[in-house]
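Student: Sequence:
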Amino acid sequence: MTAIATNPVPTNSTWTVDPVHSNVGFAVKHMIVSTFRGRFEDYDATLTAAEDGTLRLTGRVAASSIVVKDPNLAAHLQSPEFFDTERTPDITFDSTLVRAENGELIVDGELTIKGVTRPIEARGTITEPAVTFDDLEKIGVELEAIVDRTEYGLNWNAPLPKGGFALANEVKLVATLELARA
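According to UniProt numbering, the sequence shown is numbered sequentially starting from 1.
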């Protein structure tokens, strides 16, 4: 992905996620020694460029679509101790400001997890539009943000026998999106 100096997205355009060629996931330090990663399979995102050139990015993730390598862990992550998917099925994002700064895409917005909405800043890149197969026009957006999971009510943890905890509070959110012009 290339960094941006100005908004490369044509005005008055809407772009929707291609879920086959996109990925939404997370990474968290586990047992102090390694980074655990997971992803979600059911998500959507839309990028809209207004007539004045301002951008708006929105997204939704079905928390129950979490994918990890252990089915028991997947069930635990869907429980009230984590995402509580029965009561709060979706994780949502709505941008409040999308801008370029020093060649980097910066997206400020509101992230809602487990019914708790907090401000967030994601940083990354956006590509110029390109025409792909079947004359589809596409752009790519890659974003990362760090959140404190406990600020969203994801408080489960377990102390380790010699100090420390099973999970870090800091979680990296990663969205790699390929978006097609609607």
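Since the hints were derived computationally from the structure, they do not count as laboratory data.
A couple of the hints might just be wrong.
[Stated by the list, open to error] Pairs of lysine-lysine residues, derived as BS3-like cross-links and limited to a Cα-Cα distance of at most 25 Å, are as follows:
no. : residue 1 : residue 2
1   : Lys-114   : Lys-69
2   : Lys-172   : Lys-114
3   : Lys-69    : Lys-29
4   : Lys-138   : Lys-69
5   : Lys-69    : Lys-172
6   : Lys-29    : Lys-138
7   : Lys-29    : Lys-162
Student: Decide, hint by hint, whether the structure agrees.
Tutor: Against the structure, the hints come out as follows:
1. Lys-114 to Lys-69: holds, 23 Å
2. Lys-172 to Lys-114: Since the Cα atoms of Lys-172 and Lys-114 sit roughly 17 Å apart, the hinted pair holds (cutoff 25 Å).
3. Lys-69 to Lys-29: holds, 16 Å
4. Lys-138 to Lys-69: violated, 31 Å
5. Lys-69 to Lys-172: holds, 18 Å
6. Lys-29 to Lys-138: violated, 34 Å
7. Lys-29 to Lys-162: holds, 17 Å
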